[in-house]
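Trainee: Using the sequences and the hints, build the whole thing.
Residue numbers (numbering that gives the first Met the number 0), protein chains in the order written: chain G, 0 to 585; chain R, 0 to 353; chain W, 0 to 441.
No lab work stands behind these hints: they were computed from the structure. Please note: incorrect hints may appear among the correct ones.
[Claimed, not checked] 25 Å max Cα-Cα, derived SDA-like pairs, lysine to any residue:
1) R:K177 <-> W:E290
2) W:K336 <-> G:L104
3) G:K189 <-> W:D373
4) G:K35 <-> W:G101
5) G:K186 <-> W:V369
6) G:K189 <-> W:V369
7) R:K219 <-> R:D237
8) W:K340 <-> G:Q101
9) G:K41 <-> G:S112
10) G:K35 <-> R:F165
11) G:K189 <-> G:D47
12) W:K103 <-> G:F121
13) G:K189 <-> W:G102
14) G:K384 <-> G:P318
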Amino acid sequence: MMKKDNLTWIAIKTGLLSGVIAIFLCLIGMVEVFSKRDVVEKIITLGDFILLATAVSAGVIAARAASQTDQQRQPLKSLFAGALAGITTGVLIAAFIGLSQQINLRSVFLSASPSLFNLLTFKGGTSWIWMYPAIGIAAGLLGTTLFLLPEKFRQPITRAIFITFLMALFSGLFRVVMINQSSGIAKLAKYLFGQTGLTLSGAIIFFVAVVAISMFWSARSKNLQEGFARIPKRGQTSIRVVVFALLAYVVLMLPQVSGPFIAQVIVIVSLYALMGLGLNITLGFAGLLDLGFVAFFAVGAYTVGLLTSYGIFGLQHIPFWVAAPIAVLVSMMFGAFLGLPVLGIRGDYLAIATLGFGEIVRLLAGSDFLAPFFGGPQGIIGIQKPCLGTLGEFIRVDVPRVCNGLEFAGPKEIYYLAVASAILVAFIALRLQRSRLGRAWMAIREDEDVAEALGINLIQTKLLAYMLGAAFAGLGGAIFTVLVGSIFATSMQLIVSINVVALIIVGGMGSIPGVIVGAIALIGMPELLREVSEYRFLFYGAALIMMMLAKPEGLWPSQATLRELHHEDAGEDSEIAPAKSSQAKA
Amino acid sequence: MRTSFGERLLDLAVSGFLWGFRILIVLIVVLGTFLTIRAGKYTGEQWIDFVVFGISQGSIYALIALGYTMVYGILRMINFAHGEIFMSGAFGGYFIATWLTGIGFMDKYPVLGLIFSMLFGMLISTLIALLVERIAYRPLRGAPRLVPLISAIGASFFLQYTFRGFFGPGVYAYPSMKALEGQWMFFGIGILKVQIVVAIAAFVMMAILYSIVMFTKIGKAMRAVSENKDVAALMGIDVNRIIVTTFALGAAMAGAAGVLYALTYRQVNFFIGFTPGIKAFTAAVLGGIGNIPGAMVGGLVLGIVESVGPALFLDSLGIPRPYQLKDAIAYIMLVMILLFRPSGILGERVSKKA
Amino acid sequence: MNKRLLALLSVLVLASMVLAACGTPATEAPAATEAPAAATEAPAAATEAPAAMYECTDALGCVTIAPDEPVHIAYWGVLSGPDSSLGEDSKRGVEIAIDDLGGKFQGHDILLTTEDAGCTPEGGATAATKLATDTSIVGLIGSSCSDETVGGIATLTNAGLTTISPSNTRPVLSDPARGPDYAGYLRTAHSDAFQGKAVAEFAYNFLKVTKAATLHDGSTYAQALQQVFADEFVKLGGTIVAQEAVAKDATDMRPVLTTIAAAGPEFLYYPVFVAVGGYVTNQIRDVAGLENVYLAGSDGIFTADLLKGGGANTKGMYLSSPDFSAFTGDYAGFIAKHTAKYGGSTLSTFHAHAYDAANILFAALEQVAVVEADGTIYVPRQALRDAIFATKDYAGVTGNLSCSASGDCGAPVIAVYEIVNSDPASWNPADAANPNPKKVFP
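Mentor: This is the structure we're talking about:
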């Protein structure tokens, strides 16, 4: 019975692991904080849900292991493994609670508070902890059942659980947006969403709807695709045009319907997408790792700030439409200026040198040394909003000029500016990628020396990569300035540069749609999840790791990267690697 | 090769700019130094103090930089989470040191107490580093270079906010050790005890590490793996084990640095790893990344420049609050050194042409 | 071609009809702030109260809370990144205030939403925009950093919301000429302008020093405060021998302190935050020439954490802060609740200010909220705002608070304290018999 023993061990191991994760979630305080939010109102809180999820996933994993030890699926074996994993998780949590009654965990772990244990013991002291193994078994069996369901049902159900959970997570957002609409929709919102989670009826509706749609879809999608293919070419095109027009219409109307917050998030995503598109040229196309990209963003922002501000640092009080192109030009020049010294520096040396530039720009902008020009720590405030129409006269410092016409006052208006710029820049980047210059960049990325031997002028090509990348980032900075209405050096942190690099890789290096997808995933999601505030970056970090493990080529990889990944299986030193000669020897 | 007139002009302009840049920086440095020394604002003792402060800070940078450089040497990967490993060591040391102080052990046997704290800090940081390596890095071996970098950035955030969850955002203060207060006199110059202890501990650790890498079997294997993984594997070296050992050694150094850092500066919280992490990365690059003596040299140079630089170069040029710009000086120095030596102070020449 | 155009057009028309149906009220609702007459209709339509007996005539509209809905308040501030202890500290103050009410207001649960603003203007803008869209929010506490307020306040004010900041100290935020964007802004923290002056007078008149130096960390707060001090000190007849600064993330202060030592000051003022304050205090006696210099900081380091970071050197250090002897409330009782709930000591200076801010909000809510027989609550927004501004002699933990027309609620009485014991456990400025730090001026 070697196999059986093996399976037992795997199940227990899985259970232990998920138990440790559950205890971890308790100790970082997440369970307690999340217990104030509901997934389904009055039924299950978010805190309960994450604890339960650990046990359920232990069940799933154990059941999968059980099915792998044997070729033919034996439901009993799987159920046994799932239950074992579940009970192990439960016992571990129970042991943790018991331990906390004996020794004061709080002297080390701040979150191991009495209120956490009150919550975990249902306010009943240790007399209730036998519940945990029982709940563990139930959850483990639930996981196993989920796993054992035939494919046809399993997929819709897991999908439905996941989507219902997502709806619950974002329920506040949906509720707020819908409540601001007509009274019918507001009523619907209150029916579906509670203050902090779904209502019971809402949860059931979403669950059933997703199951139904996804079952219907899996049955029909093939037919639909074939049906689409059967339509004559012209018909296909017109359907595409209609879909495209619909999409454009949604993009146009979105801020009006969704309100300013969603607009603000989209603006920020677009700004990061602009920076991402810029860095995608330097890093994605030309392979030059830049960890100080925020420098160009800062240059664009400060240029517009200085040119348009009606505060004391405003130089010319010129309109945004003139200032923005100037900002782009200045950033471009700055790109060349910073690119020149690092032309001969490669690989990770380049990364740290550019990181240094980013920090130098931030330090100088916020320093007392240059405060007479850039405001130092007090920043530049009073930045004139863009105005379509004529601007009134500049009267005096601290008073904005009157806009006779359409003023881009808030996120709902700047949305159009940001989205249009992102689309324009994405289009430019797309053209650049397919141009002669784009191919030269990629040649440099693959191998500098070979590229040079092929007659590519390294200096010119690299400088152009820096300059164009900087120009895009500068445009982002320019829009950022008018969005916020003030600039402080504290906004130009290293973390911005890191985020931009991360979003490119997560999206898929060198891929333009990838940049957009990456920006939505890495910038949009955390913005929407602001209310989990203190755990935002914990999720962010975990998500980065998981995305890299699951999809190292990125969410929307370019064709070239895919090819590269396959041929790279041979040697792990990729093309962008610096020379291999530096090593750990004396 | 066909080069047009325009291209040659561009080349000329570029190299002209580069030389101008170098000359300008050197001029500023020389002029600043000259003016400062002529102004005589600082006494000789104060200059020595500046250097001593720099060495103390620099030896901590060097200890952290060792981990960066070792991992880089073997995996060609920037372990961005290394600063957080350092922070975890500081926290580990904190709990043991507080406990030892509480039971009165620390006052009786300060040296033993210090060693225990350091060992415990090293243990914690090593465990965490191995966990991170297992979960976030090992599955990505062989992926394109930037993929593990992003995973490391993720690990860095995750660890930071895990510690914030465990211990809250507040400050933890290391217990003060009576034995480390005050100064020792050397040739009439008073030097803080804590700085001497930090410097000595750092150099001992580095010496141990260096001898492990140079004179033991496992060190030999490490060097072999860093030369060429595939060949090393063919020679019967367990590459995986060597990589794990490297991570463990680097993390132990960072853990020790964490405890030493906390001894010097007293404060520990979840964010203390970030800036020293970046600085140590800079130090590793400065010395030539992948090169162990380079990391030590880089760390010390960085520490001394940060300490001496603002007073020596900027003070007399009429730049207000020069210490606000100490990081800027450090980074400009980095770029200057990379301009003259594109692979760091002790790194080998990698590119044929600047 | 024609067919395609036709299809496109018809789809567009259809879509616009659908979108218009749901889109219109959303765009109309904010307009209610301008027209009081229209407001009576708009909120009623938006909040489904068909048989409402109460008719909302408020200029900014009303928040309707149905019998089964919670009373929704929000906290916005810095909850991530290196400054998060500041925001977390204030958030705890708000949570304790809610606990004091048993988590209930007029039988409704109190729901607290928190938004991270990251201590930057853009973070403040985003958080404010998000909160402003949520029509169920009654009032807010926040922000933490003055930068966040600069970024977000216009959005909140224009949405008819009112926020009370527990920790913004930048003078301009409560300037009488601060503009209409700030109509919804108040603070229980005090303006920096008071503090710099008090410390200068203390140094020149009380300690009788004539040569002073300052050190700041590049933050808006510290830079402004040390400048106010320097100007006032010179006005009194003193000399500023050195003004230095370090980066916010610097840890080794000895080099910059050596530079300051070379100027030979008798008094060093560093109104920074806890981390830098701890490093400076801990290291300062190591530097030759500064062994006997007087040390002074301000409310940014008026916390037990300074004693943790600064160690034995904190003994004898001076700190300016609101005058705790004017504190009428039960600060010790507050601390007891804090310890029971969170374990460990407070994280920063402004927890009590946040507690008071939340209580002022609830007190004003109590005054203006209209409760129906079935438990429905109506909160008229303008009335709530007016009630908060009208707060007078509120007996808070941080003093007797009265809000001025420009939003200053904090008691502007500044005192200078001396730390008499460097043990963090002894920290209790409000203790009558044995205070630490102890008030020395005025």
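Trainee: If a hint holds in the structure, say so; if it does not, say that too.
Mentor: Outcome of the hint check:
no.	hint	verdict
1	R:K177 <-> W:E290	holds (19 Å)
2	W:K336 <-> G:L104	holds (20 Å)
3	G:K189 <-> W:D373	holds (19 Å)
4	G:K35 <-> W:G101	holds (15 Å)
5	G:K186 <-> W:V369	holds (23 Å)
6	G:K189 <-> W:V369	holds (22 Å)
7	R:K219 <-> R:D237	holds (12 Å)
8	W:K340 <-> G:Q101	holds (20 Å)
9	G:K41 <-> G:S112	holds (24 Å)
10	G:K35 <-> R:F165	holds (19 Å)
11	G:K189 <-> G:D47	holds (23 Å)
12	W:K103 <-> G:F121	holds (21 Å)
13	G:K189 <-> W:G102	holds (23 Å)
14	G:K384 <-> G:P318	holds (8 Å)
Every hint, counting from the list given before, is met by this structure.
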